[in-house]
Structures are given as C-alpha cells and as structure tokens.
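Peer 1: We have chain A; now place chain B onto it with these hints.
One-letter residues, chain by chain:
There are 2 protein chains.
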Amino acid sequence: MTSPAPGTVDLARLQEVLDGPWAEVRNAHRKHLDARFLPVYGETGDQARERVTGLLTELPVELGIGAAFPTEYGGASDVGGSIIASEMLAQVDLSLMVKAGVQWGLFGGAVAALGTRRHHDAYLRDIISGQILGCFAMTETGHGSDVQQLRTTCTYDPRTQTFDLHTPHEAARKDYIGNAARDGRMAVVFAQLISGGERHGVHAWLVPIRDEQGNPLPGVTIGDSGPKAGLHGVDNGRLSFDHVSVPREMLLDRYGQVAADGTYSSPIENDSRRFFTMLGTLVRGRISVGGAASAAAKSALTIAVRYGDTRRQFTTPDADREVLLNDYLAHQRKLLPALATTYALHFAQAELVAALHEVQGGDGPVDEHRQRELESRAAGLKAAQTWHASRTIQTCREACGGAGYLSENRLPGLRADTDVFTTFEGDNTVLLQLVAKGLLTGYRDEFGSLDGWGRASFVAEQVREMVLERTAARSLIQQLISAVPGRDEEVAVTDRGWQLTIFEDREKHLLEGAIRRLRNGATSKQDRPFDIFNDVQDHVLTAAAAHIDRVTLEAFVAAIEETADPAVRALLSRVCDLYALSVIEAHKGWLLEHGRLTPARSKAITAVVNGLLKELRPQMRTLVDGFAIPDVWLDAAILREEPGRQDAMAAHDSAATSA
Amino acid sequence: MTSPAPGTVDLARLQEVLDGPWAEVRNAHRKHLDARFLPVYGETGDQARERVTGLLTELPVELGIGAAFPTEYGGASDVGGSIIASEMLAQVDLSLMVKAGVQWGLFGGAVAALGTRRHHDAYLRDIISGQILGCFAMTETGHGSDVQQLRTTCTYDPRTQTFDLHTPHEAARKDYIGNAARDGRMAVVFAQLISGGERHGVHAWLVPIRDEQGNPLPGVTIGDSGPKAGLHGVDNGRLSFDHVSVPREMLLDRYGQVAADGTYSSPIENDSRRFFTMLGTLVRGRISVGGAASAAAKSALTIAVRYGDTRRQFTTPDADREVLLNDYLAHQRKLLPALATTYALHFAQAELVAALHEVQGGDGPVDEHRQRELESRAAGLKAAQTWHASRTIQTCREACGGAGYLSENRLPGLRADTDVFTTFEGDNTVLLQLVAKGLLTGYRDEFGSLDGWGRASFVAEQVREMVLERTAARSLIQQLISAVPGRDEEVAVTDRGWQLTIFEDREKHLLEGAIRRLRNGATSKQDRPFDIFNDVQDHVLTAAAAHIDRVTLEAFVAAIEETADPAVRALLSRVCDLYALSVIEAHKGWLLEHGRLTPARSKAITAVVNGLLKELRPQMRTLVDGFAIPDVWLDAAILREEPGRQDAMAAHDSAATSA
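Those protein sequences? They're chains A and B, same order as listed.
Going by full-length UniProt numbering, 255 is the number at position 255 of the first sequence; the sequence numbering is gapless.
Going by full-length UniProt numbering, 47 is the number at position 47 of the second sequence; the sequence numbering is gapless.
Pulled out of the complex, with its shape left as it was, chain A reads as follows (with noise of 0.2 angstroms):
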C-alpha cells in the first residue's frame, strides 16, 4: 500500500467533505427538526396518517423538498436542494419523507412540470402550503411497470368542452397511490387520452377527487390500500373513475394540447418519445429515493457501529483488553464495506444530484442527451442504493441481535419503510435493464425509457459498438489508468489505476458479450423478438451492474480528488480501496474466468481485505460520525443505554462478590 495510514481526523472537515455543496440546506433541517417530527411506535395506522399529515406543514418550504418550485411560487427554484431536503428527512422519519415526497416532488412536481402557466399561477401556490394537498395517479393494479400501456382512458367530448375520465375495468384502477385513501382532495391522473377517436397516448389531467369535506366527489371511487410492511403514515388507496367529467383546461398540456374542437397537438410529435420526454421531467422522484435509501442506510449504520463499539459478546481470556463486537473480524466484515460502498454512493449520488441540478436547473432548454444520461444514471443510482439500503439495514438490525428487532431501536422501522423502495418508483430490475438499453444503443433508443424487452421497435441491429462515456474527472481517471504498469502482478491491489481499469474492463467486457450475444439471437431467431432479449437478460443486466459499479467508483476517486484537507483525504483513501477491493472480490468468479485475475491474486485480495477492515477498525465510529446525525434522530434505545458499559460495571461488581 502506497498511502499513509489514515491518522486522526478532524471530524468537521470530514462533516464538510460529505455534506458538500448544500451544506446549509442539511444544516436548517438538523437544526429545526426536532424529537416531534420522530415515528411513533405502537400508533394505529389511523394515528400514523394524522400524525404524519399534520407534521407536514410544518416542514421548512423555501429549503425543504418545495425548494425545487419556481421562487415565484414561493419556492427557491433549487432543484438540487429539494433532493438534499428529502436526503435529510428521510433520516427523521420516512412516512413524512414519502409524504412530502408525494405531495411535493410527484403531485407538486408533475403540476409545475406538465402544466402550463394557468396550472401554475392556479394551482402552485396552494400545493407548495399544503392547502392542497394532492395524488400522483399513475401505476394501476394490473399494470406495474409498463405505464404506457395504462388501461385508464380520457376521451375528449368537443360539445361539451369536457374530457370523460374513466377506469374501464378492475385491473385498471390506479392502486398504491399515496395520499388517495385519506388525504387528497385533488390528483395528477394519468391515462389514455382519446380525441376524435383517436388515441394519441398517455397524458395527465389534475382532477379534484374530494370535496371540502373530504368525501369523495361524484365517480370517483376512493379505495384503501390498507396496511403495508412499512410507511405506516402513509395513506396509500386505491382510485376509481367512473366517467368522470374533466374540464379541457384541466390537461396539464405542455407537451400536449386539445383544442376546443378536438384538435390535438403537440410540439413532440411520437407518441412514445412525448411520454418519455414527459416522464423525464419526473426524474427527480427517482434520485430523491435512491438518496433517501441510502441516509435511511446511513442511520442503520450509525447505530449499529455505535452499539458495536460498547457491546460485548463474550468473555474474553486476554484480561488486558476489552473485546467489543466491533472487534471480531465477522462482524466488521459485515459492518464495514457496508460502510465503504455507503460512502460510495454517497459521492455518486451527490454527484448526480449536481448534475439534475445543472441539466434541469436553469431556464434554457434541457439538452436531450444528457437528459437521457441523467436518467440512466438516476435508474441506475436508485437501483443500486436502495437495494445496497435493504441489504445493509437488515445487517445492521442483525448485528444488533435480538436489541435490533425492538422498534425502540429503529432498524424494524428503517428496514421496513425503506423496502418498498427497491420496487416502487420503478421496479429496480426494469431499471437496471433501461441502464443497460441505454449503454448497448447509445442512448439513441428514443422508446427505451420504461421499455421491457419485447417492444418490436428495440432491435438488436440498434446496438452500436460501444465506448465507454466517463463520468466526472476524466482526465484524473484516465491518468490513474495510464499509470499503472503493464504486468499486473507487479501493481499492488491498492493501486488505484488498476482498480479502476478492472471495474472499467469488466463492463466494457460485459456489454460487448451481451452485443455480440444478441446480434447472434438476433440472426438465429428473428421470429421471436422476447426470446432474443430474454435468453440474454441476466448476462445484461449484470452489464448495467457493472457500468453502475464503475460509475460509484469513478465518482469516489473524483470526490477523494476534491478533498483538501491531507487526513480526511487519506482515511477517504483507504474506504475507497476498502470499496473497490469488496466489488472485486465479491465477482472474482467472472474475473478468474475471464483471466483479470490468477488465483494467486485472487486469494491475496481477501488477505488485503482483511488487513483493511483492521486498519480501518478504530476509524468505524469517525465513519458513521462524519454523518453527522443528530443524536435526537437517531433515537435508538441501545444507544441511550449503553448496556455494554453496564456491563463492564457489572463485571466488576460479580468480580467482587465472587472474590
């Protein structure tokens, strides 16, 4: 190893290097948060909503998730911040995380983004208070995934100026949809529209759905979707129409306009390229989950290594020293690359949420493509951080013991609220196959967004020879690479360079196979479009998982590079490598099958490994310190007790009676 051993840290310039450009904006919700905007266990659900829903509006708007809205509106036009804010809240409490994030981000954002200046200056307002408070209509029970294919229909009546709104059988009623069963007075409905019997595809409407009273409004069917794992303040339902009448002007019609007679028009004339340029607008909701999966990991984190560092699990023989479950190789191999690709995807989410920032955070245009890479990599990013957040939680709540399945000790609640974000905001499988699609066309697949594999318009002839696009630094990275000398027996597995050219050969190598493979499908059996696609779909999307690695990586090595302060950089340093190594050892199969590493090699990774998670033992709690969670919001039991320092006393008081 060539670094430094890390030294002491000065935990504020670590706090610094982590909380990055909106530090102010994680700062005003440490400090106005407080002990009341916590979960409650023990509540019914009932309370849970109330509870939740009246918590709302008290949430800061200007550097909350409301932060995204145009600052006419009274908001701050800060895209970036909105995303930070859900980061923030999603360590206080998830269901208000997933409340605002609904009533914000998706009904709020689906309003200011599809809507025109009438939706706007009607509407805006009294969404960013809370007055209205609001439903995002989209996913229906007979459709998850496939969202252009929605069965909900809107069909425009030209003599009465009016759309008729209708579900035209069960599996076509919108369900999971958050703040429908108790809350909502008004939705964002998604569904088919149908003009002069045409169809011209999905569009979305604001439809009031309750009166002031709350009851729901003629045609309209408000169902509950009743208990789930998790988000207990939620109020997930169920929405039904039954040829309800919408006001034309009631089309959010910026990528689409009906005109008094019937006309329909557009300024994106396929069908399918305006939906996914439509759905695009909604990328935010996407990096909002995927970076509040990750603080929900990062609170799990925190109070498992906190317990870890007082808790004792044995009697030990060496009588000098105290054995903590920290200290035992097990559980630091558990604990700590959990860590180490935590701080990852730290660096690769703030990377993306200033690169949204910068694509959709001025007035001007967005520019197409790197709208499409954006969305790749907030697919990609979501996906990997919310199932790197259901893995890391449940092994935190395991390292705590049976302490770990009271709720007083919030991992049950962490664990269980965090889950359905592996699945919701899009399936994290379909997204990793819309990473892969976009890495084997180039992003040219104008259909791609939401695509499964059998869409006839997806070919294999599409697939391109592929280049890898960097991320951020690519001049350092491309350095680091070029410096690593030709014989890899003579690198060190520490070497950045050769780390980052393994993650880098690996996709590359990946994707290749998979063009080649389909190309051949495609020639072999040109009759069965699915099957082209389906016999090579875990060999694709192990190829987005390896594009998504290299872009953590890349995004790591990037964020190191930024980091002035000498101890910081080199405790960063270390992580990095802690990171890099967990990846390459958990796919050395591929790697020794592909002849990138011999088996000496191999096995002299895990040997590194191990000395890592020794070396990077003391600095366990500066790691999860550097968080910077307030203790009020971790509010663990464990944590307040401290029952390994008990223990010690205790130790000392048997000691004295057996004496």
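Among these hints, one or two may not hold up.
Identical chains share a label here; the pair holds if one copy fits it or two copies do between them.
Said to hold, decoys possible - Derived DSBU-like pairs (lysine-lysine); straight-line CA-CA distance at most 30 angstroms:
#	residue 1	residue 2
1	K31	K614
2	K614	K334
3	K31	K334
4	K334	K603
5	K31	K603
6	K508	K603
For the record, the hints were derived by calculation from the structure and aren't laboratory data.
Peer 2: Structure of chain B alone, referenced to chain A:
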C-alpha cells in the same frame, strides 16, 4: 445431461415424498386449522396478543407441539411430531407458532427436560393444557450469546431452605422473554447457582411470576419489550427479580441438586459440561425454528410463483403467446434457485428431525457423541434455513412488486415475523462458529457448545486431522463419488458424483486450511488467544457454511434415492441439479482459485443453470403445489384476484375499443 427430462408429475406422489413420515400430523393441521387461526392486519399490539393467546388453547395437543411430552401427562411421546407441528403452524401464523413454541417447547420443554418427577407430576398437565402459561427466562439484556456468563444469581440459604433469586443490575435483567409481558404465570429462570459461598454454574428454577389476577408477585418487576418488527401476537417482556424467595424444591434438579443443608451434587462434575448438557436437551427449539423458517419460505414461494404465473409485466410483440412474469429469465433466476434450495433444505431438515426423534425419542440414555453431532447439525441447519428464509421471502416480496408490500398479500408478515429467527435461539454467526468448532475438534471440546472464540480452554492444539463424517446414505454417496471418471473435463456438470465431490472437496480444503492457520497462529502468538481465532474467523465461518452445504446436498441425494415414483424422482433430480449448481456457481471464485474448476467449465455452469431454469419453468407451479399449503392458509389477496386474468380480459376489451 443423462437423466430424462421430468414429465408430468402426480402431485399426490410428490406431496407424499415431501410430507414424509409425519404426514398424519401435517394433515391434521391442514384439516383442523381454518381461517380463524390466520393473522389479522391492522390490529393494535394488544389486540394481536389477546387474539393469539385465545387461540393457543384451541390448538391440537397430541398432534401439536405438545406431542413431545410423555404420553402419561397428555402428550404423545412424539418428539419428531412436535417439530413437524411447528412447521405447520408457521404456515398458519408465525405469532401463534412462536407463542406455542415458547409455551410447550421452551417453557414446558425445560420443565420436562430439566425437572424431575415431582415437577412433572405437579405441573406438566397444566402446562400442556395451557392452564399455566410460562416463560423461558434465559437471555439477559447484557448477554445475548454468552449465556454461560449470565449475571442473575440464585443463592441458597440453608436456614430458610430457600433460594434468593436476584437481578444484580440492569444488564442482568431478563430480556426479549416470550409470554412475559402479558400472560406468563410462571417462568423457568436461568441463574448462577450459589450455595455455601460457592458458585456451581447456571441452573434453572421454576418460579411463579404473577398471581391469579395477573399481577406481578412481590419482588418481580415485569416490563414490556414493546413494539417489534413482527410477531405482534407474542408478548415479549423483561423480568427483574429483587431478592425473590424461591423454595428449594423449585430448582429443576435433574442435572444438579442442592440438599437441605446446602450441599451441592450433580451427576456431571464439570460446570460447563453440565451447562451444555442442560442446553443440549433444548436442541428442539433450534430445530423448530429452522423448520418454521423453511415453512414460511414455502408459503412465500407459493404466493410469488402463483402470482408470477398469472401476471404480465409488459406487452410483448409475440402475438402468438402471453408472456408472464415467470417467463422472464431474471424472474426465474430469482425464484427457481430459491425454490431448489428450499427443497434441499426441506430434505436436510427432514433428516434432522428423524435423527432427533431417534436420539431423544427413546427412554434410554442419550449417546453423547450423537447428541453433539445432532446439536451441531441443528445449529448449522437453523442458521442456513433462517438466512435462506429471510432472503427468499424478501425475493418473493420484490418479485410481487408493490403488491408484495401490502399486508393483505401476506409477504410483509412472513418477512417481518421470521426476521428475528436469524438471531434468536442462537445468533446465526455464533451458531456457525459452534458448527466449525465441532468439526475442528471432532466434537471433543466439551466446552464448545455456545462458546465464543476467546475461551482459553479451546486451544488450537486441540484441532485434529479431520475426517469427513458422512450423513445419510453413506454407501450410496461413496458409490456416486467413486463412479466419477478421473478427468473432470469429461464429466457432465450434472453428474451427481462430480457435484458431491466438489462440495466435499471444498469443505475438506477449507477445514484443513483453517486447522493449519490456527496451528500457525498458536505458534506465533500464544499470548493472544483472541487474535488467533479472530484472524481466521471468516475462514472458519466459511468452512462451517461449506459443511452445511454438503450435508444438505447429501440429504437431497438420499431423499431422491428413496423416492420410488419415476416422474417425481426425475423432477427432484433436476431440482437437485439446480441446487448443486447454484451453490457451485455462487462459489465459483473459490473453486477457480483452488483449481477445482477451469474457467471454461465455470462458464459452462452458468449456461447449464440457465438451461435448467428453462427446463423447470413449466414445473414451477407443480413444485410449489407439492408443499400442499391449503389455499385458506395462503390468504393473499393477489391470488384471489388473479389480476393477470382480468388484465387479459381487459386487453380484449381495449383492443375492441380502439378498433
């Protein structure tokens, strides 16, 4: 592949094989337990506890968990049957299963196993009938795994002929105790026995904790562990004792007696050995938990597979067929290896239950070596089954998308209720260490049972040259292994003998490596016993896991050998291939590192696994139907609604509309 492709299977034949020798117990549960016994969602904790307690006494006794009690007290002297009853109850309601397990398995089981005739005569009938509800009070707040070091004391005073039961400090309070918070009238309390100023190690007393009105008795403080991730129907609580007087005869004195004058005597001289003998009689708890976890995984798989057989994800371009979720390779990759592993663990569990029944079911003395092996097997399979269940139920929940997050679809409850299984009845990581120590010392380390690494008495010199112990069907397995031709590359990866060799080699090599490293460590740093073991902890845990893999595969092979029906046999053989090759695929990194696989062969395995998925796709439904879980027990709204069908109808409607 040499065996013929599986044809049409007679479900009744498959069920017969899976039901095994206790089919009568299984069928009694299937028949007796109707919808009243199922979980209810949206209840408060108090409502759940009240309901579950009410149902407890309606469970069958002689065909239930109580079957293990002696016939003379109302049981059926059927140890195996009581485990099977737990498995069945786990498919009905896991709270009810755990509540029953606490009452009859832990509490009643401890009175039966650790008490003597006067305790049996006085209490067993009322315990079996549920007249006396009780607790098993072992775990303390400050001590999860290291139960030998419990801090609660029970000190004999010959003047009053009573014991003084005392909780010296907060960390010594009994914690997570089932039946404590609400219902328990008595508790089997584990504490350090002190008599005549001398300590005699951990013993158990039968102690009343509440009066007839349900109020805590003087000196007993009862707390509530509060809301948990799951198992809402179980009243876990905390018990503290402030110098509670316990009559001498309430010591459960089968393994240690205190005479009126305070003289201590025991058939087992060594404190540790006595303690682990006492614990050993309670091995049933772990076997029940492992079986219950697998049973819950079967429920989850049945729901996910049936849902995936009706649900479509995307519209496909192949007009001549309907593509369902289960048709996607990625979906098969999620569900089918999990299903194959569930089959493998089913047969390993069945073998374990039969061994338990044989070892503990008779009247004669228990063979110590066999008992040790049984404990080790129970520990290993408990860890394997509970982790497998956590992962599998999670996979199933994600495979059902948003629907999988709703309580009405059963998966959230299955996931949350079984979650604690990975850390209760022995933390899984600690259990794997126990398995490893048994293997490394040939079960000769008498202090091994629940020990951590640091105990000075377990020194590296104890490790021996190892000989693999065969499981069932010794000769058959030797025969299969011997039949493998010399050169690997000539053998199909579906050759059972080759698969067995790979599993066996891996275990042997890992164990031998661990022995070597422990010896070297012992030579180089004899003064640091903790470090010796800690440096090798990951290696040793991997060896234990490899052992369990081998045991599981051998049990599957033995079960196939005993299957007469050719179609069932052919199907099981394919499922066994998938299990074996999935495990090999998961460990291909290690196998390549150690020259057990060539890169070409390793790649081929991935292709063969994908081929098996395709082949088993049409059998997915059969494989879950073989578990024979009554429809009423599955109780998932998505199975009742069958949205795929509705949607298929809807597609016709909508085609008609747009035409």
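Peer 1: None of the hints should be skipped; say for each whether it holds.
Peer 2: The hints, checked one at a time:
Taking the shortest alpha-carbon separations for K31 and K614, neither the intra-copy value of 36 angstroms nor the inter-copy value of 56 angstroms comes in at or below 30 angstroms. Within a single copy, K614 and K334 get their C-alpha atoms as close as 13 angstroms, which meets the 30 angstroms cut-off; across copies the closest is 35 angstroms, which misses it. In this assembly of identical chains, the alpha carbons of K31 and K334 never lie at most 30 angstroms apart, being 32 angstroms within a copy and 44 angstroms across copies at closest. Both within a single protomer and between protomers do K334 and K603 lie at most 30 angstroms apart by alpha-carbon distance, with minima of 19 angstroms and 29 angstroms respectively.
For the identical chains of this complex, K31 and K603 are neighbours neither inside a copy (48 angstroms) nor across copies (55 angstroms), given an alpha-carbon limit of 30 angstroms. For a Cα distance limit of 30 angstroms, the shortest separation of K508 from K603 qualifies both inside one copy, at 24 angstroms, and across copies, at 18 angstroms.
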